[in-house]
Amino acid sequence: MTLRTAEETAARELLRENFILTSLETVLGWARSNSLWPLTSGLACCAIEMMSAAAGRFDLARFGYEVFRPSPRQADLLITAGTLTWKMAPVLKRLYEQMPEPKWVIAMGSCASTGGPFADSYSVVPGVDYVIPVDVYVPGCPPRPEALIDGILQLKAKIAKPQLTRGVVRYGR
Amino acid sequence: MAVNIEPVLVRYLVGLFPSLAAADRAGDGLTVVTAPPEEIYAVLKTLRHEEPFSMDTLGDLTAVDYPDRLEVVYHLYSAACGHKLAVKTSVAKGAAALPTVTGLWPAAEFAERETYDLLGVTFTGHPNLTRILLPEGFEGHPLRKDYSLPPRPATR
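Residue numbers (our numbering), protein chains in the order written: chain R, 3 to 175; chain E, -13 to 142.
No wet-lab data here; the hints were simulated from the structure.
Be careful, since some hints might not be right.
[Unchecked claim] With a straight-line Cα cutoff of 20 Å, these simulated EDC-like cross-link-like pairs (lysine to aspartate or glutamate) come out: (1) R/Lys89 <-> E/Asp103; (2) E/Lys79 <-> E/Glu36; (3) R/Lys89 <-> E/Asp51; (4) R/Lys95 <-> R/Glu68; (5) R/Lys89 <-> E/Glu100; (6) E/Lys131 <-> R/Asp78; (7) R/Lys95 <-> E/Asp103; (8) R/Lys105 <-> E/Asp51.
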């Protein structure tokens, strides 16, 4: 049996109280999932609900997601809020490709998820996952701000704990 | 708010172009004159520049697909005189072509591109007659009744 000196005991106490051991992956997931920077990317009427979610009444800032960026180079979350037309599709794809990794996509509303009422139309993309990969689909026409917030929190869980979605098919190319 | 053009002016216009057919559409409150396609440009030029008409504003330019023809519609307004008039002409579906009116009203540039894009009417002399609402490379003109939707692209 080894007898510890008083200094050693104090040092061990200090370590136990002031250090947390974890994996780098966990820390990165924790940090990323709590500070998503969405791209300002309204395509149609869903964007009004997205703006409302960021404004005072619903206050997306409570979760740390209020920093809507005007440039894809500074964003890591693309909320495709609205109807995507084939004319607009290459532009949205380019915006997605300009975002630095790691990056995530939320399909907000019926149009972004499946084309909505315009699914069988000559001009509308029947779901943005024809063009870019999607992480979370938020249904609704349009979804209320609470639904969007819930979608972002689902994404938060997915980023913080990627093992939750392991084996789940991720649609899109 | 513009009012309908005075009937005396319509009679004067028909006097200038005897091939015109004038119809007073009292029901929906808009006077319409119908011109043959080979005279449409001369009629519109007269309406744009001649003193009693002074139709300085092109409110809308579009087309309608009928079973036997495409009917192109021009909605004209005069801010100077405060009156309005619609002019129509019909073209065959197989050879739908009309002279451009971008020289009379610059606003016609986008309207003619849209009519070309969605209904397939060619406007000869247009400075840039390309698709405006649909992506380049799109097949067909979707507001024609005989347009059939292609099957959806292969699933994601």
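Status of the hints after comparison with the structure:
Straight-line distance between C-alpha atoms of lysine 89 of chain R and aspartate 103 of chain E comes to about 13 Å, which keeps the hinted pair within the 20 Å bound. The suggested pairing of lysine 79 of chain E with glutamate 36 of chain E is violated, with an alpha-carbon distance near 32 Å, which exceeds 20 Å. Restraint check for lysine 89 of chain R and aspartate 51 of chain E: not satisfied, since their Cα atoms lie roughly 24 Å apart, outside the 20 Å limit. The straight-line distance between the Cα atoms of lysine 95 of chain R and glutamate 68 of chain R is roughly 23 Å, outside the 20 Å bound, and the hint therefore fails.
Restraint check for lysine 89 of chain R and glutamate 100 of chain E: satisfied, since their Cα atoms lie roughly 14 Å apart, inside the 20 Å limit. Simply put, lysine 131 of chain E and aspartate 78 of chain R have alpha-carbon atoms about 44 Å apart, too far for the 20 Å limit, and the pair is violated. Of the pairs offered as hints, the one joining lysine 95 of chain R and aspartate 103 of chain E is violated, with about 24 Å between alpha carbons and a cut-off of 20 Å exceeded. Proposed proximity of lysine 105 of chain R and aspartate 51 of chain E is contradicted: the alpha carbons are some 47 Å apart, above 20 Å.
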